Amino acid sequence: MPVIVDYDAGNVRSVQRACQHVGMDAEISADPEVVLAADKLIFPGVGSAVSAVDTLKTRGLDEALKGYYESGRPLLGICLGLQIVLEHTEEGDKDCLGLVEGACERFDFTDRSIKVPHIGWNEINIECRHPMLSEIQSGDEFYFVHSYYARPVREENVLGTTDYGDIKFCSIIGKDNLFATQFHLEKSGELGLKLLSAFKGWSV
Amino acid sequence: MLSKRIIACLDVRDGKLAKSVKFVDTKDIGDPVEKAREYYDDGLDELVFYDITASSDARNIMLDVVEKVAGEVYIPFSVGGGIRTVEDANKLLWAGAEKINVNSAAVKRPELIAECAHAIGNQNTVLSMDILKVEMSREFPSGYEVVINGGRTPMGLDALEWALKGEELGAGELVVNSIDADGTREGYEINLTRMIAEAVSIPVIASGGAGKPEHLLEVLTEGKADAALVASMVHYGDYTVSGLKAWLSERGVKVRMRY
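Taken in order, these protein sequences are the chains called A and B.
Quick note on the numbering used here: the first sequence kicks off at 1 and runs consecutively.
Quick note on the numbering used here: the second sequence kicks off at 1001 and runs consecutively.
Since the hints were made in silico from the structure, they are not lab data.
None of the values given here were measured: they were computed from a predicted structure.
Treat each hint with caution, since some may be false.
[Stated by the list, open to error] Sample of chain B residues lacking proximity to chain A, with all beta carbon distances greater than 12 Å (derived):
#: 1; residue: PRO1141
#: 2; residue: GLY1187
#: 3; residue: GLY1237
[Unchecked claim] Quick list of the computed label-pair ranges, beta carbon to beta carbon:
#: 4; chain 1: A; residue 1: LYS57; chain 2: B; residue 2: GLY1030; range: 33 to 43 Å
#: 5; chain 1: A; residue 1: GLY201; chain 2: B; residue 2: GLY1143; range: 39 to 49 Å
#: 6; chain 1: B; residue 1: GLY1237; chain 2: A; residue 2: ASP54; range: 30 to 40 Å
#: 7; chain 1: B; residue 1: PRO1141; chain 2: A; residue 2: ARG154; range: 45 to 55 Å
#: 8; chain 1: B; residue 1: PRO1141; chain 2: A; residue 2: GLU87; range: 43 to 53 Å
#: 9; chain 1: A; residue 1: SER138; chain 2: B; residue 2: VAL1086; range: 36 to 46 Å
#: 10; chain 1: B; residue 1: MET1136; chain 2: A; residue 2: GLU27; range: 54 to 64 Å
#: 11; chain 1: A; residue 1: ASP8; chain 2: B; residue 2: GLY1071; range: 20 to 30 Å
[To be verified] Taking lysine to aspartate or glutamate pairs in the EDC-like style, the calculated list, with each CA pair at most 16 Å apart, reads:
#: 12; chain 1: B; residue 1: LYS1254; chain 2: A; residue 2: ASP163
#: 13; chain 1: B; residue 1: LYS1224; chain 2: A; residue 2: ASP111
#: 14; chain 1: B; residue 1: LYS1091; chain 2: A; residue 2: ASP111
We treat Cβ as the ideally placed atom computed from N, Cα and C, and that holds for glycine.
Here chain A stands alone, though its shape is the one from the complex (with noise of 0.2 Å):
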């Protein structure tokens, strides 16, 4: 069964409901077997990466994600979730996941009128071809709430960019079978729902 990890941090009900209307019946749990067990993983989030990585480590949830990765089945991560699965976060100087080489920064424009968080709707650039992207173009507009942003080491990584300001950062992470957006493809309207309609016929 799809498993929507639950570590206090964000709105997990927004994401079921998401699923629930592309048709994919998804169990909320903080439990680590149950993250361990699930056939397909979504690991959403918002707010603090500190506190975040806190209570998965308090949960015994950081093993199981990467217990979960290593176990080669899907796994989709959401806004933190995506920030979270790299090795470092300028946040609070924290350590993640370290399921994808690279760290997230603070966006910092010289610019004052360029605002930080960097909210609302913008565009993606594909990067590089990938099963889940298949009904995405280039140009098409998702939401996003951040003031971090993610850097990758390795270019393979980086499926889809955005542009904020001068910065042009990486909005779509992918490594083997782990997907992972920047933006919150649960309040992404029909497009977001189809990227999530995609996630429930992936198989890696």
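Since chain A is already given, all that's left is putting chain B on it; use the hints.
Below, chain B alone, put in the same frame as chain A:
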């Protein structure tokens, strides 16, 4: 490049849609869930619900509306009106709202902003400000004053000072609502919007006064707003969301056109 957002504001009283004119007389114009769905299908970027229910025991009706909307639309929506505690905010988030708007209660007790930002995140904490134009003075250096209770109670607080304070306390976005312009359909308060948008580093949503597409163009360019709130101009069917977006796009405003 980030798109400018068009946000529809739905005033809800006892679970029904109402649109206030200068916040005094409100008349019922339909079902909020149905309306939300209609706008979603027409390309709306975001929704705001203001619960203007008078009695506190009717609050559960709002939670029910939120729950139903969350099952119908997959764009962000926020809820405001009567939020006094973190518990109120959490209930709304749990029911399916993406963000919460604090207003009067935050003016009376500013720590509410910090408490919400800490509990649910800055990005989910929106500070809504009702603002009245006043004589520029030592007390009101910006020439604008914060009011509460739907514009009836002046608070002796300078609007620009409050916007900066709200940002400092952890608000992730600001709604700048001009009481002078609200319901007039004669255009947003451009000077007020620009003044606040230039002073803060968080997104500013312009509110009050939208009546024609030109008003949106003006506030999103000259007014430097990141988003424009619309209400009666779309509620009564004079304009459609998709029509407004197409019009703005033709004039060089970046808006989300694929949906």
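| Hints the structure fails to honour | 4, 5, 6, 14
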